[in-house]
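Chains as they are written, first to last, in our numbering: chain A, 104 to 399; chain B, 593 to 730.
By construction, these hints were calculated from the structure, which means they are not laboratory data. Beta carbons: idealized from backbone N, C-alpha and C, even for Gly. Among these hints, one or two may not hold up.
[Said to hold, decoys possible] What the simulated footprint calls covered on chain B by chain A, stretch by stretch (three residues with Cβ under 8 Å from a Cβ of chain A suffice, anywhere in the stretch; the number is not a length): (1) 629–636; (2) 645–651.
[To be verified] Listed below are several chain B residues computed to face chain A (Cβ distance under 7 Å; list not exhaustive): (3) P604; (4) S621; (5) E622; (6) R670; (7) L672; (8) E681.
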Amino acid sequence: MPSLKDVKGKIAGVGKTKQITKAMNMVASAKLRGAQARMERFRAYADSFRDMLRDVAEKEAELTHPLLTGRDEIRRVGVVLVTSDRGLCGSFNSNLIAEALKLAEECRSRGQEIVFYSVGRKGRDALLKRGYSLAGENSGLGGVYPFQVADRLGLQLIADYLSGAVDTVILIYGQFVSLMHQAPRRMQLIPLQSEEQSESRAEPEGSASARIDLLYEPSGEALMQALLPRVLKSFVFKGLLNTATSEQAARMTAMDNATRNCDDLIQTLTQLYNKTRQAAITSELIDIVGGADALQ
Amino acid sequence: MEHALQLEIVTPDKSVLSETVDFVSVPGSEGAFGVLPGHTPFLSALALGCLHYTTLSGETKYVAVNGGFAEVSHDVVRILADSAEKAEEIDMNRAEEAKKRAEDRLRDADRSEEINITRADAALKRALNRLSLKRFIR
Numbered sequence: 104m105p106s107l108k109d110v111k112g113k114i115a116g117v118g119k120t121k122q123i124t125k126a127m128n129m130v131a132s133a134k135l136r137g138a139q140a141r142m143e144r145f146r147a148y149a150d151s152f153r154d155m156l157r158d159v160a161e162k163e164a165e166l167t168h169p170l171l172t173g174r175d176e177i178r179r180v181g182v183v184l185v186t187s188d189r190g191l192c193g194s195f196n197s198n199l200i201a202e203a204l205k206l207a208e209e210c211r212s213r214g215q216e217i218v219f220y221s222v223g224r225k226g227r228d229a230l231l232k233r234g235y236s237l238a239g240e241n242s243g244l245g246g247v248y249p250f251q252v253a254d255r256l257g258l259q260l261i262a263d264y265l266s267g268a269v270d271t272v273i274l275i276y277g278q279f280v281s282l283m284h285q286a287p288r289r290m291q292l293i294p295l296q297s298e299e300q301s302e303s304r305a306e307p308e309g310s311a312s313a314r315i316d317l318l319y320e321p322s323g324e325a326l327m328q329a330l331l332p333r334v335l336k337s338f339v340f341k342g343l344l345n346t347a348t349s350e351q352a353a354r355m356t357a358m359d360n361a362t363r364n365c366d367d368l369i370q371t372l373t374q375l376y377n378k379t380r381q382a383a384i385t386s387e388l389i390d391i392v393g394g395a396d397a398l399q
Numbered sequence: 593m594e595h596a597l598q599l600e601i602v603t604p605d606k607s608v609l610s611e612t613v614d615f616v617s618v619p620g621s622e623g624a625f626g627v628l629p630g631h632t633p634f635l636s637a638l639a640l641g642c643l644h645y646t647t648l649s650g651e652t653k654y655v656a657v658n659g660g661f662a663e664v665s666h667d668v669v670r671i672l673a674d675s676a677e678k679a680e681e682i683d684m685n686r687a688e689e690a691k692k693r694a695e696d697r698l699r700d701a702d703r704s705e706e707i708n709i710t711r712a713d714a715a716l717k718r719a720l721n722r723l724s725l726k727r728f729i730r
């Protein structure tokens, strides 16, 4: 039987943990709002971009660009793993890392080499621990990504692709599905794929003909040259924003669970405390009664 | 107002501006171009420079933009810039600092670090663009 004092100390300790998890839950929910707002603001930009690329691609269908065509033989696969810098967000990071390792396994079975790039400390640490070397890393940003991160990473990926260091690039990020659900996703960055390809085809015919007389400068080719890297960067940025939002949502859920666990624990411990107290009183009474009996 | 332009400027971080205007002048990569209501659909890459527009009340306003694209269609001018700042929001001191920082970096940069030089050069140009715009409207 634990002593009364021990149990009391334990209850106080769990109470303090609960305060922390509760505070973290509230901080995460405040940050989540910020991250969601950023995602929303970026959507306007990304949507316009997609439309623009579609307009040009429609008119210049025969135009090819190394970023669009890809390579026939794929020997090295570049993988960008986006994770958070901090833990305490449930299985969020381990899911992302597991996805990356699964992809690495798939590549190995096909005899392809894998080149990792990481954004976020958790992913970096996990990859380094498993003996992978990183071609590029970005961490210590605390989950708030300015566009420059995507910009720089995008430039590096394009340079590595053109130099032949990688033959394709895949981004692994945490898609924000809902508050309760965040899923690791793969997105192919190079060669570029229009993710809404099927959607754009379903558009009414009328709007397409209205765009036929679209003028542009510089020439279509030069425009593509400028447009495609930006599309790539905007995909990277989308992945970053999604991961940042998912991280906060995952942390919110994790901390909510932790707070509830603390409540359960406190309840159990309080029961134990009461039981111990009763037992102590009973044994004291037995002592007193026993002593009184002995005197008579 | 039937014949007016809708000007929208968005960057990856935020929507900078959304306003109904009379006229827009955009710094295209092949030279500046003006847009009036009824302009033909047009798409252009942007250069680093100064965009200005005339509001419905006849006021002229300035925005420093840096790279990206401009799209004109159905009286909507959409600017997708890498960054954009309204003239009144440009902080002179910050721009000066950025300029100094970039200059220092250019001076100290190792010739072998080509990426750093390109980056510092771009930063310097951006700072100069903001400064010249600010000086111009004063």
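Quick rundown of the hints versus the structure:
1. 629–636: Since 5 is at least three, the answer is holds.
2. 645–651: violated (count 0)
3. P604: holds, 4 Å
4. S621: For B/S621, the interface hint holds, since the closest Cβ of chain A sits about 6 Å away, which is under 7 Å.
5. E622: Holds. Min distance 5 Å.
6. R670: Holds. Min distance 6 Å.
7. L672: Nearest chain A Cβ about 6 Å off; hint holds.
8. E681: violated, 16 Å
In the structure shown, a violation is registered for the earlier hints numbered 2, 8, in ascending order.
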